[in-house]
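S.K.: Letter by letter, the chains look like this.
Number of protein chains: 4
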Amino acid sequence: MIDIQSLPDHRNLPIDKVGIKNLRYPITVLDRAKGSQHTVATINMYVDLPDKYKGTHMSRFVEMLHLFRQEVSLKKFAMILDQMKSHLNAESAHIEVTFPYFMEKLAPISEAPGLMDYTCAIIGSSDAAGNVDLISEVVVPISSVCPCSKEISEGGAHNQRGEVRLSIRFNRFIWMEDMIELVERCASCEVYSILKRVDEKCVTERGFENPKFVEDIVRDIATRLKADDNITWFTVSAENFESIHNHSAYASITSVERLKGKVLIQDVYDFCETGGETSG
Amino acid sequence: MIDIQSLPDHRNLPIDKVGIKNLRYPITVLDRAKGSQHTVATINMYVDLPDKYKGTHMSRFVEMLHLFRQEVSLKKFAMILDQMKSHLNAESAHIEVTFPYFMEKLAPISEAPGLMDYTCAIIGSSDAAGNVDLISEVVVPISSVCPCSKEISEGGAHNQRGEVRLSIRFNRFIWMEDMIELVERCASCEVYSILKRVDEKCVTERGFENPKFVEDIVRDIATRLKADDNITWFTVSAENFESIHNHSAYASITSVERLKGKVLIQDVYDFCETGGETSG
Amino acid sequence: MIDIQSLPDHRNLPIDKVGIKNLRYPITVLDRAKGSQHTVATINMYVDLPDKYKGTHMSRFVEMLHLFRQEVSLKKFAMILDQMKSHLNAESAHIEVTFPYFMEKLAPISEAPGLMDYTCAIIGSSDAAGNVDLISEVVVPISSVCPCSKEISEGGAHNQRGEVRLSIRFNRFIWMEDMIELVERCASCEVYSILKRVDEKCVTERGFENPKFVEDIVRDIATRLKADDNITWFTVSAENFESIHNHSAYASITSVERLKGKVLIQDVYDFCETGGETSG
Amino acid sequence: MIDIQSLPDHRNLPIDKVGIKNLRYPITVLDRAKGSQHTVATINMYVDLPDKYKGTHMSRFVEMLHLFRQEVSLKKFAMILDQMKSHLNAESAHIEVTFPYFMEKLAPISEAPGLMDYTCAIIGSSDAAGNVDLISEVVVPISSVCPCSKEISEGGAHNQRGEVRLSIRFNRFIWMEDMIELVERCASCEVYSILKRVDEKCVTERGFENPKFVEDIVRDIATRLKADDNITWFTVSAENFESIHNHSAYASITSVERLKGKVLIQDVYDFCETGGETSG
Chain A
1 MIDIQSLPDH
11 RNLPIDKVGI
21 KNLRYPITVL
31 DRAKGSQHTV
41 ATINMYVDLP
51 DKYKGTHMSR
61 FVEMLHLFRQ
71 EVSLKKFAMI
81 LDQMKSHLNA
91 ESAHIEVTFP
101 YFMEKLAPIS
111 EAPGLMDYTC
121 AIIGSSDAAG
131 NVDLISEVVV
141 PISSVCPCSK
151 EISEGGAHNQ
161 RGEVRLSIRF
171 NRFIWMEDMI
181 ELVERCASCE
191 VYSILKRVDE
201 KCVTERGFEN
211 PKFVEDIVRD
221 IATRLKADDN
231 ITWFTVSAEN
241 FESIHNHSAY
251 ASITSVERLK
261 GKVLIQDVYD
271 FCETGGETSG
Chain B
1001 MIDIQSLPDH
1011 RNLPIDKVGI
1021 KNLRYPITVL
1031 DRAKGSQHTV
1041 ATINMYVDLP
1051 DKYKGTHMSR
1061 FVEMLHLFRQ
1071 EVSLKKFAMI
1081 LDQMKSHLNA
1091 ESAHIEVTFP
1101 YFMEKLAPIS
1111 EAPGLMDYTC
1121 AIIGSSDAAG
1131 NVDLISEVVV
1141 PISSVCPCSK
1151 EISEGGAHNQ
1161 RGEVRLSIRF
1171 NRFIWMEDMI
1181 ELVERCASCE
1191 VYSILKRVDE
1201 KCVTERGFEN
1211 PKFVEDIVRD
1221 IATRLKADDN
1231 ITWFTVSAEN
1241 FESIHNHSAY
1251 ASITSVERLK
1261 GKVLIQDVYD
1271 FCETGGETSG
Chain C
2001 MIDIQSLPDH
2011 RNLPIDKVGI
2021 KNLRYPITVL
2031 DRAKGSQHTV
2041 ATINMYVDLP
2051 DKYKGTHMSR
2061 FVEMLHLFRQ
2071 EVSLKKFAMI
2081 LDQMKSHLNA
2091 ESAHIEVTFP
2101 YFMEKLAPIS
2111 EAPGLMDYTC
2121 AIIGSSDAAG
2131 NVDLISEVVV
2141 PISSVCPCSK
2151 EISEGGAHNQ
2161 RGEVRLSIRF
2171 NRFIWMEDMI
2181 ELVERCASCE
2191 VYSILKRVDE
2201 KCVTERGFEN
2211 PKFVEDIVRD
2221 IATRLKADDN
2231 ITWFTVSAEN
2241 FESIHNHSAY
2251 ASITSVERLK
2261 GKVLIQDVYD
2271 FCETGGETSG
Chain D
3001 MIDIQSLPDH
3011 RNLPIDKVGI
3021 KNLRYPITVL
3031 DRAKGSQHTV
3041 ATINMYVDLP
3051 DKYKGTHMSR
3061 FVEMLHLFRQ
3071 EVSLKKFAMI
3081 LDQMKSHLNA
3091 ESAHIEVTFP
3101 YFMEKLAPIS
3111 EAPGLMDYTC
3121 AIIGSSDAAG
3131 NVDLISEVVV
3141 PISSVCPCSK
3151 EISEGGAHNQ
3161 RGEVRLSIRF
3171 NRFIWMEDMI
3181 ELVERCASCE
3191 VYSILKRVDE
3201 KCVTERGFEN
3211 PKFVEDIVRD
3221 IATRLKADDN
3231 ITWFTVSAEN
3241 FESIHNHSAY
3251 ASITSVERLK
3261 GKVLIQDVYD
3271 FCETGGETSG
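Residue numbers (our numbering), protein chains in the order written: chain A, 1 to 280; chain B, 1001 to 1280; chain C, 2001 to 2280; chain D, 3001 to 3280.
Read the hints as simulated data drawn from the structure, not as lab findings.
Where hints are given, some of them may not hold.
Here are the simulated PhoX-like cross-link-like pairs (lysine-lysine), alpha carbons at most 20 Å apart as the crow flies [claimed, not checked]:
{"id": "1", "chain 1": "D", "residue 1": "K3076", "chain 2": "D", "residue 2": "K3034"}
{"id": "2", "chain 1": "D", "residue 1": "K3054", "chain 2": "B", "residue 2": "K1196"}
{"id": "3", "chain 1": "C", "residue 1": "K2052", "chain 2": "B", "residue 2": "K1226"}
{"id": "4", "chain 1": "A", "residue 1": "K105", "chain 2": "A", "residue 2": "K34"}
{"id": "5", "chain 1": "C", "residue 1": "K2034", "chain 2": "C", "residue 2": "K2105"}
{"id": "6", "chain 1": "C", "residue 1": "K2054", "chain 2": "A", "residue 2": "K201"}
{"id": "7", "chain 1": "A", "residue 1": "K54", "chain 2": "C", "residue 2": "K2196"}
{"id": "8", "chain 1": "C", "residue 1": "K2085", "chain 2": "C", "residue 2": "K2052"}
{"id": "9", "chain 1": "C", "residue 1": "K2105", "chain 2": "C", "residue 2": "K2201"}
{"id": "10", "chain 1": "A", "residue 1": "K226", "chain 2": "D", "residue 2": "K3052"}
{"id": "11", "chain 1": "B", "residue 1": "K1034", "chain 2": "B", "residue 2": "K1075"}
{"id": "12", "chain 1": "D", "residue 1": "K3085", "chain 2": "D", "residue 2": "K3075"}
{"id": "13", "chain 1": "B", "residue 1": "K1201", "chain 2": "B", "residue 2": "K1105"}
{"id": "14", "chain 1": "C", "residue 1": "K2075", "chain 2": "C", "residue 2": "K2085"}
{"id": "15", "chain 1": "A", "residue 1": "K54", "chain 2": "C", "residue 2": "K2201"}
{"id": "16", "chain 1": "D", "residue 1": "K3196", "chain 2": "B", "residue 2": "K1054"}
{"id": "17", "chain 1": "C", "residue 1": "K2075", "chain 2": "C", "residue 2": "K2054"}
{"id": "18", "chain 1": "B", "residue 1": "K1076", "chain 2": "B", "residue 2": "K1034"}
{"id": "19", "chain 1": "C", "residue 1": "K2150", "chain 2": "D", "residue 2": "K3201"}
{"id": "20", "chain 1": "A", "residue 1": "K52", "chain 2": "D", "residue 2": "K3226"}
{"id": "21", "chain 1": "C", "residue 1": "K2226", "chain 2": "B", "residue 2": "K1052"}
{"id": "22", "chain 1": "C", "residue 1": "K2150", "chain 2": "D", "residue 2": "K3196"}
{"id": "23", "chain 1": "B", "residue 1": "K1201", "chain 2": "D", "residue 2": "K3054"}
{"id": "24", "chain 1": "C", "residue 1": "K2105", "chain 2": "C", "residue 2": "K2196"}
{"id": "25", "chain 1": "D", "residue 1": "K3085", "chain 2": "D", "residue 2": "K3054"}
{"id": "26", "chain 1": "B", "residue 1": "K1054", "chain 2": "C", "residue 2": "K2150"}
{"id": "27", "chain 1": "C", "residue 1": "K2054", "chain 2": "A", "residue 2": "K196"}
Remember, predicted model here, so these are calculated numbers, not experimental data.
Start from the sequences, fold in the hints, and give me the full structure.
M.R.: Below is the structure:
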């Protein structure tokens, strides 16, 4: 049976990224508290295509994912990228894995247990020189109280749910839980899945004592990230689903890249073998 | 060229609805203040298919819409439904038209002008006996302040953006603007596209003085609807995008149908010719 | 601390549904092949609220879900609904649980294994008289080839991905896998996550030999459902994401309710204890 | 009334982007055939915030948009960016305007008229040195037929709706219509809102005679863009909503930036005054 994809191409144009997009797949990810966690990811996997070939072989992406789904983590990304390159005869590879992630969280006073949901992503690339670039991303729902509204009003202050998106590059393995907690400490107040009446009183008062603009939230997060020498690059944005408008307030800060944030593939293998144990 | 759709079918099964879905089209709708308004709709158009035919003729739906797009309104729906039935040799017809709709709104103190966006829909059906059933729907963003949080907390009260969805059947033409204003009057406070500092103070205080659960909002709306003898049926829901949770609080009330809410097509034609003038 | 929710209300209006909406939570569901499957659900939980109370107690919904998350299934729904009614002092209860669900599926010729994703839902209500109403729903991606295009064209035929949504009421426990397979057998061809070249040839030819309109697909599914005396009610729709248009073709059939499809809660408990074993 | 936003900030951190996000607003855009077109946009507007200030003034963004909404176009973007900088005392400004855009299109044989919808965007930035950077983007639905499937199968070939996203930087004004038509010429076949039977035969056969992978589509578009010296930079991606899978096939090519693609604001004013007339 003829392999059309492998036919020569004469347009003289290499393709940057070719592969599969929006594949939904069950995966297992690392969990700081429990070791591992089952979730359902949306996955994009791409390689480059040299100018001499007409097409890539799409089924191989899903075959590889099917093998790797039992542990999709920062620790395994370098290996997955490496195998994508070899199985697809490519010089570069790129993966994006996005998934809901849950942490058990106790209500602040009653300590009622519930699971909070976050949207997380791992994005990895490996280039022709063997450089691996990893980005870890978390989207964290938060509560924010408006400082202006509190100051100028006789009573109350408008507040709302917001969403902080934080992406980082790093030197050593970092738990998504650590990223999430860093963000939550910089909000007016964190949000919960279960709050009893005593807890509702607590979070209302905590937020009201701690009013913050989106500008304050991204500045406070950026300040902490800059003080952490494990973080080599970051971009953070805060979006408030304003309670007085039908649009959002938004602010973002992106770091100047402190150091390359790209490490040789061998280094990543090493960190993958040791990083989790030492950093968790 | 053979007409496959018109071939006989032997499965002995009529189809309730067949047609086109999720067609995006520019339309013009009635505007209480300006006469008419340009917007972009997402449209579903269906007819029934008798058991004897294999398929319907999909292109005719778009042809009809192309003709009618200059005025898509409650007033024209009976005629559009009528023509769908005749052009497609069908016994029943059904349309759903959903679109963003804008109203100019002045900030409460500074009177700065801005346009507020609402999502509106008109849903119409015509059955084999010629009964026309029309539903008008608005989705209204609102602000809600939690009565419990205000009562139990030393300062502030959690509040958030919410969304009220109201669908009605009615005897006489009714402006979507009237439906929107009815909903806004039942929120803790309405929302705006532009608020200067004096306005922000006003809406913060107004909301804080007027705390409401989702339960209160749907009850207050339902009370007003029940008192209006033009409304023959309604369903109203309120959803709060909670500022202390990552999920929504929700409440809904659906009326017992007071009277049929279905009128003969001739009656609708009559109301279409006269209703706008008398009810606007 | 005052319980505002329990204060009396004087508007004299009971609320049909009040509770939480769009809560994302990890759950475990029944799996015909493996016993159980981990997934992530989006959940709505509502009860009614008598006219005499101002509000419901939202945190109790999440507390209950937290307990039940280890097995969310048709078999447990009657019990969950029952407990919602008792913990919230309500007369009626309603739950909607929607989640991605995966089945292992072998490519038709190469037998390469992959996981296919479906969106499934379980919807349950329990009324004041203790009647439990359960609906099981699956959304199945399919491939459809246009019979008209095939007939009139010199070569090829337009085809596309489509989506069939099937909801049923039933007498005895039914696996979602059975519903999915019933739908897939009525498409031009089913879809897969992994197809090697030999498989691609197979599915292309199978689809081309089996052209179907959306009308054909819903009729073929409805015919099978009507012949199954376990199915007491159904609604089925097919939507084609047309490859020649930027909108969808759509058809739907809803059954006349054959028998009530509502059983006393004791019956459901009985079926829950025995149904899975006998029907799987 | 105190202006909290203007208070000094001591974190010593400037903010890259602060402003409003996801504001829905009716706008008027340029239309090659009719002069102008009404549509509804989703808009993000940001400026930078120097480290010395606590916050920006969000209401001013909406005030400016309210003034400019009558003509939102490439031609006016430099002026809008300029005014954002002066009204908000900012060094840089950024806008993203996304909207559905319609072109009248005749069916290929019957010449039945219909409106095709495209999603378009204009993205503009102005930096501290007064450099203006403009990007024009179109998302074009297309039809693609698989070359491999056609070659290996006895009859037919799988095909599907796809979506091409093209973003460009340029020297001289360019119509979005030109970008859309360039993309459509590189698909297996373009898509239409209305097709009669003779047209359906035509598009089926045209596509079948012209099979293309996503790789072919992006290469053919990139080849045309590289030959056009008005285009200074581009990124193009093609995504097929595969009819045999429940995920997409994807390919993208991004140009090496040929020349800066950023012009001084005075140049843009000049081009704005003259460009439309000469380039349309």
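S.K.: Next step is simple, just say for each hint if it's right about the structure.
M.R.: Here's how the hints hold up against the structure:
For the hint linking K3076 of chain D to K3034 of chain D, the alpha-carbon distance of about 18 Å falls within 20 Å, and the restraint holds. Proximity of K3054 of chain D to K1196 of chain B is assessed by CA-CA distance (about 17 Å); at most 20 Å being required, the pair is judged to hold. Only pairs whose Cα atoms come within 20 Å are accepted, and K2052 of chain C paired with K1226 of chain B is accepted, the gap being roughly 18 Å. With a C-alpha separation of about 13 Å, the suggested pairing of K105 of chain A with K34 of chain A holds against the 20 Å cut-off.
Of the pairs offered as hints, the one joining K2034 of chain C and K2105 of chain C holds, with about 13 Å between alpha carbons and a cut-off of 20 Å not exceeded. Of the supplied pair hints, the one linking K2054 of chain C and K201 of chain A holds, its CA atoms being roughly 19 Å apart against a limit of 20 Å. Restraint check for K54 of chain A and K2196 of chain C: the C-alpha separation of about 17 Å stays at or below 20 Å, so the hint holds. Distance restraint check for K2085 of chain C and K2052 of chain C: the Cα-Cα separation of roughly 16 Å lies within the 20 Å cut-off, and the hinted pair is therefore satisfied.
For the proposed pair K2105 of chain C and K2201 of chain C, the alpha carbon gap of about 17 Å is at most 20 Å, so the pair holds. For the hint linking K226 of chain A to K3052 of chain D, the alpha-carbon distance of about 18 Å falls within 20 Å, and the restraint holds. At roughly 17 Å between alpha-carbon atoms, K1034 of chain B and K1075 of chain B fall within 20 Å of each other, so this suggested pair holds. As the CA atoms of K3085 of chain D and K3075 of chain D are separated by approximately 17 Å, the hinted pair is consistent with the 20 Å bound.
The hinted pair formed by K1201 of chain B and K1105 of chain B meets the criterion: a straight-line CA distance of about 17 Å does not exceed 20 Å. A threshold of 20 Å between alpha carbons decides the hint, and for K2075 of chain C with K2085 of chain C the separation of about 17 Å falls inside it, so the pair holds. Of the supplied pair hints, the one linking K54 of chain A and K2201 of chain C holds, its CA atoms being roughly 19 Å apart against a limit of 20 Å. The hinted pair formed by K3196 of chain D and K1054 of chain B meets the criterion: a straight-line CA distance of about 17 Å does not exceed 20 Å.
Our distance criterion of 20 Å between C-alpha atoms is broken by K2075 of chain C and K2054 of chain C, whose separation comes to about 33 Å. For the suggested pair K1076 of chain B and K1034 of chain B, the alpha carbons sit about 18 Å apart, so the restraint of at most 20 Å is met. Under the criterion of a C-alpha separation no larger than 20 Å, the hint pairing K2150 of chain C with K3201 of chain D is consistent with the structure, at around 9 Å. With a CA separation close to 18 Å, the supplied pair K52 of chain A and K3226 of chain D stays within the 20 Å bound.
Using a Cα cut-off of 20 Å, the hinted pair K2226 of chain C and K1052 of chain B holds, with the two alpha carbons roughly 18 Å apart. A hinted pair counts as satisfied when its Cα atoms are at most 20 Å apart, and K2150 of chain C with K3196 of chain D qualifies at roughly 15 Å. For the given pair, K1201 of chain B sits about 19 Å from K3054 of chain D by alpha-carbon distance, which is consistent with the 20 Å threshold. At roughly 13 Å between alpha-carbon atoms, K2105 of chain C and K2196 of chain C fall within 20 Å of each other, so this suggested pair holds.
Taken as a hint, the K3085 of chain D and K3054 of chain D pair is honoured in the structure, with Cα atoms around 17 Å apart against an allowance of 20 Å. Distance check on the hinted pair: K1054 of chain B and K2150 of chain C sit about 15 Å apart at the alpha-carbon level, within 20 Å; holds. Using a Cα cut-off of 20 Å, the hinted pair K2054 of chain C and K196 of chain A holds, with the two alpha carbons roughly 17 Å apart.
Hint 17 alone, counting from the list given before, is not met by this structure.
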